[in-house]
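Using the sequences provided together with the hints, build the complete structure.
Letter by letter, the chains look like this.
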Amino acid sequence: MRFRIYRYDPDKDAQPYMKDYDIALEPTDRMLLDALVRIKSVDDSLSLRRSCREGVCGSDAMNINGRNGLACITRLADLKEPVELRPLPGLPVIRDLIVDMSQFFKQYHSIKPYLRNNEVPPDKERLQSQAEREELDGLYECILCACCSTSCPSFWWNPDKFVGPAGLLAAYRFIADTRDQATSERLDDLEDPYRLFRCHSIMNCVDVCPKGLNPTRAIGKIKDLMVRRMT
Amino acid sequence: MALPTRKFDAVIVGAGGAGMRASLQLAEAGLKVAVLSKVFPTRSHTVAAQGGIGAALGNMGEDSWLWHMYDTIKGSDYLGDQDAIEFLCRMAPQAVIELEHFGMPFDRNEDGTVYQRPFGGHSQNFGERPVQRSCCAADRTGHAMLHTLYQRNVRANTLFFVEWMALDLIRDASGQVLGVTAMEMETGEVWIFHARATLFATGGAGRIYSASTNAFINTGDGLGMAARAGIPLEDMEFWQFHPTGVAGAGVLITEGVRGEGGYLLNKDGERFMERYAPTMKDLASRDVVSRAMATEIKEGRGAGKEADHILLKLDHLGLDVIEKRLPGIREIAKKFANVDPVKDPIPVVPTCHYQMGGVPTNYHGEVVAPANGNPNTVVPGFYAAGECACASVHGANRLGTNSLTDLLVFGRASGESVIRFLKENPGHKDLPTDAGDYSMQRMARLDGQTGGESVFEVGAEMRRTMQAHCGVFRFPDMLQSGVQKIKAVAERAKRTEIKDKSRTFNTARVEALELDNLIEVAVATLVSADARQESRGAHDRADFAKRDDVNWLKHSLWYRDGSRLDYKPVNLQPMTAQTFEPKVRSY
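Chains A and B, in that order, are what the protein sequence lines are. Residue 11 is where the first sequence starts when you use my numbering, and the numbers rise one by one after that. Residue 26 is where the second sequence starts when you use my numbering, and the numbers rise one by one after that.
In case anyone wonders, no lab produced these hints; they're calculated from the structure. Every residue, glycine too, gets a C-beta built ideally from N, C-alpha and C. Incorrect hints may appear among the rest.
[Unchecked claim] Which residues of chain A face chain B? A partial, calculated answer using Cβ under 7 angstroms:
| id | residue |
| --- | --- |
| 1 | Arg60 |
| 2 | Cys67 |
| 3 | Pro102 |
| 4 | Ile104 |
| 5 | Leu125 |
| 6 | Glu129 |
| 7 | Gln138 |
The following block contains the structure:
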């Protein structure tokens, strides 16, 4: 199978280049990550992140034939050859398929991604109805792979000011949690021309999310809450 | 060569469930703590846990920590230390409640309490009937727990060193542990982390086998570092083969599928677990179910063209239950097995999943080793928790859900022990003058190596050897030849060569250093397995079919130096409960 892979090692390369690989696969190689592991077994200089190989750790996000996805759950059979692989767009490249995700995590951290509740907790669990808990479905499953934020033009333009789809999904995950008491602070923090309102609902994030989540809907719900508290 | 040095009160290696539960304890106490992790914390392997956290909350019916304790001891095939198991089971409910208070999105019952599902080996009233004890967030419990712990650490301002790989443990002449050397992956720079206390939470080494549910990062780094520093590894012959790894792919399918009512079928459509475990059936403990499956396959009743797997049926649960309780499983089955479990059964085989052994500790998370006639002498300044540690709460076979409980309970306990130690031992002891030399020799060897073998080839040979010689069923001739083979592979591992010499994010170098750790674990496993002449829990020998409490009710201790074995007694004395005497184990 044929691959064209973005290569760049700042130690020796003046600039990035695309390298072609023609690799014989085994019948057990079903996912793109299997092929990358095989390529690495003959060219150990190819650098990428990977861990769980089942789509839950979020390590091996990359741009696959022009679209962001996780290598470990992308079927080889579904890919057009030569398979063109690039690092996630919009973030600085450290080497090959490895990008510097600092900006992405900085935005995630900026929404204070933890439960805020200043009451003394009860001896037992805090109670939450099944309906209240269901509000968190589609929000808490995010794996922070950055496929969404790095496919978002607003994030490409303003990665330092726009929270981005992953961070906003997390913000709504806490707003939607009946145990969290900081909704109005969270809304205050997002009421800003950039942090929230750079989202123009073009839905690239929804398109690429490997977990099938919908950040645009979460962002819409945050906007609704803002409108509601103004009226 | 003197290495640059950073000083901390404590250094934690590993940012999975145990490492982050411990770091939270230390950061909230205002201590200066560094957490080193090869990956961004939420990518740690805890993220892949599915089924739940075992704790006798009693939300679904009567339950007690004493029943949980009995189940865990029986599950361990009586090799678990009963003081540590009592501690685990008594602390479990508090650990779960705490996690809920941190914001964990647990599933709920109608009354708003945490939902609990049945799980293998967990019972009411000392084995009478299955109990619902597993606290879960759908089938993504590990993911929800790891993210919750990371979030709580963000709140506590914990200092993480992300994509740093620890290389070696630093001990002084008295044996006290004074920190680690570690490499920043992005730059290739090696630093000394000089710490008053060092805590390992590095996870397991399931990647010693070819077929494994484990992530690529599970390379036993803590075990390799401890072994090279002269600390023994305990009970390494005991590896859990999870009954339901996706055939061919190895990806985990939670026992929660059977907890929710799924069951296993052979090629004749027979629910064969009824023959092997009449009371608990498909919810017998994992060693029992895996052996039953392997027996069915061996005797020609496997499913598929090659008669090489078993079928996990869950379509009768209906779309609603599958979508609500097991959505991740449906996703995995579609992607990795090409079946939609709403209609068709999932092809599964027993797959290497969990390391019961590890760095020996007591139930305070303090690392212990034989010295001056006491097999459990504390190694000052050194702590371990989670899968890399052996307390021992899992003995010869871990119960499902007890791994997450272990991370929470012993992560917290080891954090508390570190806080106590730091209070009693103010100030940093001086580093030995040669503190970084060993690591730098290893790095120089790799950089200068020519004419060596590739890391991939040597690693593949190690994995094949373990898979063929030390699997679900173990045979004396295979164990003996396996020991010779793995020692030969270990010699080859000393001469691995990497072509990539770059300083920048050199993952070839990382993989070579990981192989150094894996190979210690592989040798420890085969040598310990060859020596143990009985069948107990996950260690099943064709030539010694029965458990032998007269000669083998004891823990193995493997030393790297000369690949020597020693043994120490099992602690049968709980903290407050009565001893559960070993008896015949049936489900």
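Now the hints, each set against the structure:
no., hint, verdict
1, Arg60, "holds, 6 angstroms"
2, Cys67, "holds, 4 angstroms"
3, Pro102, "violated, 11 angstroms"
4, Ile104, "holds, 5 angstroms"
5, Leu125, "holds, 3 angstroms"
6, Glu129, "violated, 10 angstroms"
7, Gln138, "holds, 5 angstroms"
The structure is inconsistent with the numbered hints 3 and 6, although it conforms to all the rest.
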